[in-house]
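Undergrad: Please construct the entire structure, taking both the sequences and the accompanying hints into account.
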Amino acid sequence: MLLAKVRGTVVSTCKEPSLNGVKFLLVQLLNDMGELLPDYEVAADVVGAGVGEWVLITRGSGARQHEGYVDRPVDTAVVAIVDTVSLDSGALYNKREDWS
Amino acid sequence: MLLAKVRGTVVSTCKEPSLNGVKFLLVQLLNDMGELLPDYEVAADVVGAGVGEWVLITRGSGARQHEGYVDRPVDTAVVAIVDTVSLDSGALYNKREDWS
Amino acid sequence: MLLAKVRGTVVSTCKEPSLNGVKFLLVQLLNDMGELLPDYEVAADVVGAGVGEWVLITRGSGARQHEGYVDRPVDTAVVAIVDTVSLDSGALYNKREDWS
Amino acid sequence: MLLAKVRGTVVSTCKEPSLNGVKFLLVQLLNDMGELLPDYEVAADVVGAGVGEWVLITRGSGARQHEGYVDRPVDTAVVAIVDTVSLDSGALYNKREDWS
Amino acid sequence: MLLAKVRGTVVSTCKEPSLNGVKFLLVQLLNDMGELLPDYEVAADVVGAGVGEWVLITRGSGARQHEGYVDRPVDTAVVAIVDTVSLDSGALYNKREDWS
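Residue numbers (the numbering used here), protein chains in the order written: chain A, 133 to 232; chain B, 133 to 232; chain C, 133 to 232; chain D, 133 to 232; chain E, 133 to 232.
Hints may contain errors.
Copies of the same chain look alike in the list, so a pair counts if it works inside one copy or between any two.
Straight-line Cα separation of at most 25 Å, SDA-like style, residue types lysine to any residue; simulated pairs [what the hints assert, rightly or not]:
(1) Lys155 - Asp203
(2) Lys227 - Gly200
(3) Lys227 - Thr216
(4) Lys155 - Val143
(5) Lys227 - Asp171
(6) Lys227 - Asp203
(7) Lys227 - Val143
(8) Lys227 - Asp215
(9) Lys227 - Val202
(10) Lys227 - Glu185
(11) Lys227 - Pro149
(12) Lys227 - Glu199
(13) Lys227 - Glu167
(14) Lys227 - Gly182
The set of hints was computed from the structure by calculation and includes no laboratory data.
TA: Take a look at the structure:
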C-alpha cells in the first residue's frame, strides 16, 4: 500500500455500467517525508475519506477485495484513513495535529 | 485509475483471435495539472470514447472486468469518460468548457 | 497494451517445463513518436510476429489469456501485429509504408 | 520480491472492515548495495518483523497468498525476515553483524 | 519477462510457512546491451540457476504458475536459463562464449 493525500474528486456520467455508485477520489502520493509527490491515482473510495485526509491506497487486484467490487473495473482503492505514521523513533504524521 | 486523453487509434488485422471486435485507443496520460505526460497506453475502449476526450483508464486484471472481456488478453481499458475533475477547492477540468 | 518493435529472439533449453514450445521475442518499447525507448520485454509470441514489425504487447495476467497459456509462467505476450497507428489527425505508422 | 528495511508503523481506525487485525509496517526499499532508496511501501506484516530488520516484501496478488488474507485489500506483505544476503563471492548483509 | 543475471542468494529462517524449501536468488536486471542495470529482484528459483548465469524472470501472478507455487507469496521467479539472445542480425549473448 502507499500513503496518499486526498486532493479532489472525478465525476463521470458515461462509464462502464458496474462503476455506477463508485466514488472516485483523486489522491496524490506522499513520500516518506510526508511531502506530495508528482504522482497521483484516481481511486475508488470504500471508507468515506475526505479532501485533505491522509489515506492508504491499494493497487491492482487487491483494490477489488471489497464487498461488491470483485467484478468492477477498478485498479486502485482507498482502503484506510490514516491516524498516525511512526518512523524510526518519531512521529511523521498524527491526524489530530495535522494543520496542513 | 489514471487520467488520460484520447489521442488516436491502433488497427491490427493479425491478432490474438479473442481480440476481434475490440477497439484499441491510444491514450496519453495526464499529470495532476492536466498536462500531457510522455507516457501512453493502448487501451480497449468499452465506453465509446472519442479523440480529445479525457478518460479514466484501468490497468491490470481490472481492465478485464467487463462483460465478455474476462478471457481476452488486454491489460488496459478506457472505463469512463470524465465530466469534471475537482482539485482542492477549484476545478481542474470541465468537459463543457474544454477548448483544448 | 504498449507499442513495441520486435528486435530479436531468446532461446533457452533449461526452463520451466510448461514453457516448452513457447517462442520468446525480445521486443523494444516505442514512445508516442514511434521512437525506440531503452525499455524492452521478452514476450511470448502468440501471433507469429517477425523481427522489425510493430506489435502490441500485453503484460501481467492478461498475457496468459490465450489458449493453453493460462498455467504458463509468462508475464508478457505479443498479442497483435500493428497495421496502422493514427495520432490526432495524422498517421504515426503504416505498416505498408514502413521503411525503417 | 524486494529487499527492504522496516522503518515504522501506520495506524488506522477507519478502514476496510477485513483489514482489522492487520499490522501495517512502513518499509523502505534497499538497493543492491544495501542502501536505503527513496521508495517505500506500507506492507501487511505476516512474520512479526521489527523496526530496523531487513525483510523481503512481496507485491501484487502474491501478497494475499497467506492464510486468511486472500480476500483482504492488501497489495504488499512482509513475507520473510532476512538472515543473510550473499552477492557474488562476498556477504552484503548478515543479521548477526548488523550494526546499522 | 526480463533478462537478468544471477548475482547471489538470500537466506531467511523466519518466513511465511509456505516459503519453506523455496530458494531465493538475487538477480540483477540487464538492459538491451547486456549491461547490468541498478534494478534487482529477489526471485524464487524453479530451474536450478547458478551465480553468473543469464536468466529470464517472470513477475506478478505469472511467477506462481509452477507446480506447488500457486499459493505461495512470491511475485518473481527465475523461469529459464538463457542460452542465446539474438538482436537484429547479430548475437547479443551466447552462454558458451560467456567470459564475463
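Undergrad: Now, for every hint given, state plainly whether the structure supports it.
TA: How the hints compare with the structure:
Taking the closest pair of Cα atoms, lysine 155 and aspartate 203 come within 25 Å of each other both inside a single copy (16 Å) and across two copies (21 Å). When the C-alpha separation of lysine 227 and glycine 200 is checked against a cutoff of 25 Å, the pair qualifies neither within a copy, at 29 Å, nor between copies, at 30 Å. Taking CA atoms no more than 25 Å apart as the test, lysine 227 paired with threonine 216 passes inside one copy only; the shortest distance there is 6 Å, against 29 Å between copies. Taking the shortest Cα distances, lysine 155 and valine 143 sit within 25 Å of each other both inside one copy (8 Å) and across copies (24 Å).
Taking the closest pair of Cα atoms, lysine 227 and aspartate 171 come within 25 Å of each other both inside a single copy (22 Å) and across two copies (23 Å). In this assembly of identical chains, the alpha carbons of lysine 227 and aspartate 203 never lie at most 25 Å apart, being 33 Å within a copy and 28 Å across copies at closest. In this assembly of identical chains, the alpha carbons of lysine 227 and valine 143 lie at most 25 Å apart only when taken from different copies (10 Å versus 27 Å within one copy). For the homomeric pair lysine 227 and aspartate 215, the shortest alpha-carbon distance inside one copy (5 Å) is at most 25 Å, but the shortest distance between copies (32 Å) is not.
For the homomeric pair lysine 227 and valine 202, neither the shortest alpha-carbon distance inside one copy (31 Å) nor that between copies (30 Å) is at most 25 Å. Taking CA atoms no more than 25 Å apart as the test, lysine 227 paired with glutamate 185 passes inside one copy only; the shortest distance there is 8 Å, against 27 Å between copies. Taking the shortest Cα distances, lysine 227 and proline 149 sit within 25 Å of each other only across copies (20 Å), while inside one copy they are farther apart (36 Å). Proximity of lysine 227 to glutamate 199 under the C-alpha cut-off of 25 Å is found in neither arrangement, the shortest distances being 27 Å within a copy and 32 Å between copies.
Within a single copy, lysine 227 and glutamate 167 get their C-alpha atoms as close as 15 Å, which meets the 25 Å cut-off; across copies the closest is 30 Å, which misses it. Taking the shortest alpha-carbon separations for lysine 227 and glycine 182, both the intra-copy value of 13 Å and the inter-copy value of 24 Å come in at or below 25 Å.
In summary, the structure is inconsistent with hints 2, 6, 9, 12 from the numbered list given earlier, while agreeing with the others.
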